[in-house]
Structures are given as structure tokens and as C-alpha cells.
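Undergrad: Using the sequences plus the hints, can you model the full thing?
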Amino acid sequence: MKRALILIAGLCISMAALGIDTDKAFDDPEMQARYEDLISEVRCLVCQNQNIKDSNVFLAADLRREIRRMMEQSMSDDEIADFLVERYGDFVLYNPRKTGSTMILWLAPALLLGIGAIVFAKIVRDRMKKPVDDEALEG
Amino acid sequence: MARYVALIIAFAILIGIFAVGLHRDPRELPSALIDRAAPQYELPKVRDPMSTVGSADYAGQTVLVNIWATWCVGCRAEHEYLLELAAREEIPIYAINWRDQRDEAIKWLEQLGDPYVASAYDEDGRVGIDWGVYGAPETFLVSADGMVLYKHIGPMDDSVWQQEFLPRIAAQESAR
Numbered sequence: 021m022k023r024a025l026i027l028i029a030g031l032c033i034s035m036a037a038l039g040i041d042t043d044k045a046f047d048d049p050e051m052q053a054r055y056e057d058l059i060s061e062v063r064c065l066v067c068q069n070q071n072i073k074d075s076n077v078f079l080a081a082d083l084r085r086e087i088r089r090m091m092e093q094s095m096s097d098d099e100i101a102d103f104l105v106e107r108y109g110d111f112v113l114y115n116p117r118k119t120g121s122t123m124i125l126w127l128a129p130a131l132l133l134g135i136g137a138i139v140f141a142k143i144v145r146d147r148m149k150k151p152v153d154d155e156a157l158e159g
Numbered sequence: 081m082a083r084y085v086a087l088i089i090a091f092a093i094l095i096g097i098f099a100v101g102l103h104r105d106p107r108e109l110p111s112a113l114i115d116r117a118a119p120q121y122e123l124p125k126v127r128d129p130m131s132t133v134g135s136a137d138y139a140g141q142t143v144l145v146n147i148w149a150t151w152c153v154g155c156r157a158e159h160e161y162l163l164e165l166a167a168r169e170e171i172p173i174y175a176i177n178w179r180d181q182r183d184e185a186i187k188w189l190e191q192l193g194d195p196y197v198a199s200a201y202d203e204d205g206r207v208g209i210d211w212g213v214y215g216a217p218e219t220f221l222v223s224a225d226g227m228v229l230y231k232h233i234g235p236m237d238d239s240v241w242q243q244e245f246l247p248r249i250a251a252q253e254s255a256r
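Order-wise, the sequence lines are chains A and B.
According to the working numbering, the first sequence holds residues 21 to 159 in order.
According to the working numbering, the second sequence holds residues 81 to 256 in order.
Some clues are possibly wrong.
[What the hints assert, rightly or not] Facing chain A, according to a computed beta carbon distance under 8 Å, are these residues of chain B, among others:
{"no.": "1", "residue": "Ala99"}
{"no.": "2", "residue": "Gly101"}
{"no.": "3", "residue": "Arg107"}
{"no.": "4", "residue": "Leu109"}
{"no.": "5", "residue": "Ala112"}
{"no.": "6", "residue": "Arg179"}
{"no.": "7", "residue": "Ile209"}
{"no.": "8", "residue": "Asp210"}
{"no.": "9", "residue": "Gly212"}
{"no.": "10", "residue": "Tyr214"}
{"no.": "11", "residue": "Gly215"}
In case anyone wonders, no lab produced these hints; they're calculated from the structure.
Cβ atoms here follow ideal geometry from the backbone N, Cα and C, with glycine treated the same way.
TA: And the structure:
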């Protein structure tokens, strides 16, 4: 049992090795932090459930390199996002920008919740209006 | 009764949404470049590092730009079809050899045949990023005035050529 636990622990720790960004870190810790934020928000389009920070495929490495280059050219976060979306579409960002076509994505949860609340209120109100005798008869 | 009708309508709408949505491949990304200007580039040729090939070479022509690499299984699968298409001389095919090894690429073209007018050697993938390439093979249809008309993800074959490329080429011809 103990050996099994040690094996499992070892396997779990080794998974962390997958996420190593082998590029040189920025000298400026603020830049490095901003860089890490940026690459956490960009989807790796090959392994579409990972961001490019965690992904090992070379598209991810290419995009990291490009983001690094754009940061060195003092481009803003918005400009970097624009660059990526221009080439890969809105899907490349984990937080899609709030443009016309993506607004539905952002508003849909609230909208559906609102519709659900209205329907719920209507059903409850209908139920409350019914006299008690009718309920007894229906049951 | 009215409540049942409303429910049935809502259900029918949901079924309609699922019927359309579930047919799509969620991993496939439509190109962000459709109906926009194709990227400009100039890269050394795969076969001749001393000379270059790029978008300037096919300006004014309707062309295919095929993204390929020797490590890509789908590229191997579509290669014979590309040779056939090139032999029919229906459209010039330019290529971007993406993230590959030059000597492997040259060997591949020599052993399997070269359907391309020229292959550009994109070693670091920088040009691929401009095209929004995220895998190989991908094939772009570029109009004579330099707009991306269509992007096909995956191996090319005759049914894709007939159903997706030919109509768009024809539409572009008649629009001019």
C-alpha cells in the first residue's frame, strides 16, 4: 500500500515537469509576471484544452516566442491580443474580447438565468393562485 | 394545453440547435483570414536557399498555398492528390514548408515528387503564424487580388476540391 502511494505521489509530481517554459525569463519581474499572465490566457490551438503556458507543442512555443517579441517591442496587452485574434480568431483567447459577436457568449449565462427565473416565478405564482381544493382533487 | 404547446416549441428549437451543432467538429477553427488580405512574406526556397519565394511571386494569380511538413502524416496522404492536381495544371500550387528540416524536405520532394511551383522554407514558423496555421496540412485558396477565399484544414482530396474550391474560384472569376 505504502509503495503504491509513493508511486502515485511520484507520478503526480512528475506531471508538473510538463509545464516548464524553457525560454529565458525576463529580467524585469514585472514583465515576467505580465508575460506569464498573457500566456495563461492564450489557448493552445493544437491541444485545445491547454493554454500555451502548459502546452509542449511547437505552436505553443512559437506563440510564446511571438508574445515575448511583442512585449520587447513594448506592445500593449490589447495590441498583443489583437495580433493573435487577427490571425487565429476569437477562440485563441480564453477570455474573448467583448465585441459584437462574442457578446452573446458573455451574456448568455445571465440571459438564461433570467429566463429561468421568470419561468420559475410564473409557475410559482400559478401554483399559489390555485385554491387548495383543486390541488386535492387533481392529486 | 397552451403550456404544452410552448414546451413543445421550446423542445423543437433545442432539437434544432443540437442537430446543427452536433454535426460540427469542435476542434476545427474557421480561418480568421477569410475575405481578408493574405499575408505578405518572402522566404528562402526549400530546394535553393540562395533564392527566395513569396507572395509577390503569385500576385495577380489565383493560387493554392499548401502548408506541409515531412513529420505530418496527413501531408503524406494528400501528396498524391496534389501531384495529380498539379499535373492537371488547373491552378498553381505554392507551398510553405512549416517547421521542418530542410534536408528532410528536399529528400521528400525528390522521392515523392514535387507538385509545387516552389516551397518556401519557414523554419521557425513565423510566417505560419501570420497565416493562422495551427497544424498541417492546411490549404489556402488565395484570389488574384490577394484575398484569402478559403482555408481547408486536413488533407486535400478531390471532393474537397470540387465542393469547396472550384465554386469559389468560379465565383471569383465571374466577379472580376
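Undergrad: Hint by hint, note whether the structure agrees.
TA: Hints versus structure:
Proximity of Ala99 of chain B to chain A is violated relative to the hint, the smallest CB-CB distance being about 19 Å (cut-off 8 Å). For Gly101 of chain B, the suggested interface contact is broken, since its CB lies about 14 Å from the closest CB of chain A, more than 8 Å. With 8 Å as the threshold, the beta carbon of Arg107 of chain B comes within range of chain A, its nearest partner Cβ sitting at about 6 Å, so the hint holds. Residue-level restraint check for Leu109 of chain B holds (minimum Cβ-Cβ distance to chain A is 6 Å; threshold 8 Å).
About 4 Å separates the beta-carbon of Ala112 of chain B from the nearest beta-carbon of chain A, less than 8 Å, and the hint is met. A least Cβ separation of about 6 Å between Arg179 of chain B and chain A falls short of the 8 Å threshold, and the interface hint therefore holds. For the restraint placing Ile209 of chain B at the interface with chain A, the shortest Cβ-Cβ distance is roughly 6 Å, inside the 8 Å limit, so the hint holds. Residue-level restraint check for Asp210 of chain B holds (minimum Cβ-Cβ distance to chain A is 6 Å; threshold 8 Å).
At its closest, the beta carbon of Gly212 of chain B sits 4 Å from a beta carbon of chain A; the interface hint therefore holds under the 8 Å criterion. The interface hint given for Tyr214 of chain B is met, as the beta carbon of that residue sits about 4 Å from the closest beta carbon of chain A, less than 8 Å. A least Cβ separation of about 6 Å between Gly215 of chain B and chain A falls short of the 8 Å threshold, and the interface hint therefore holds.
Comparing the model with each earlier hint shows violations of hints 1, 2; every other hint is respected.
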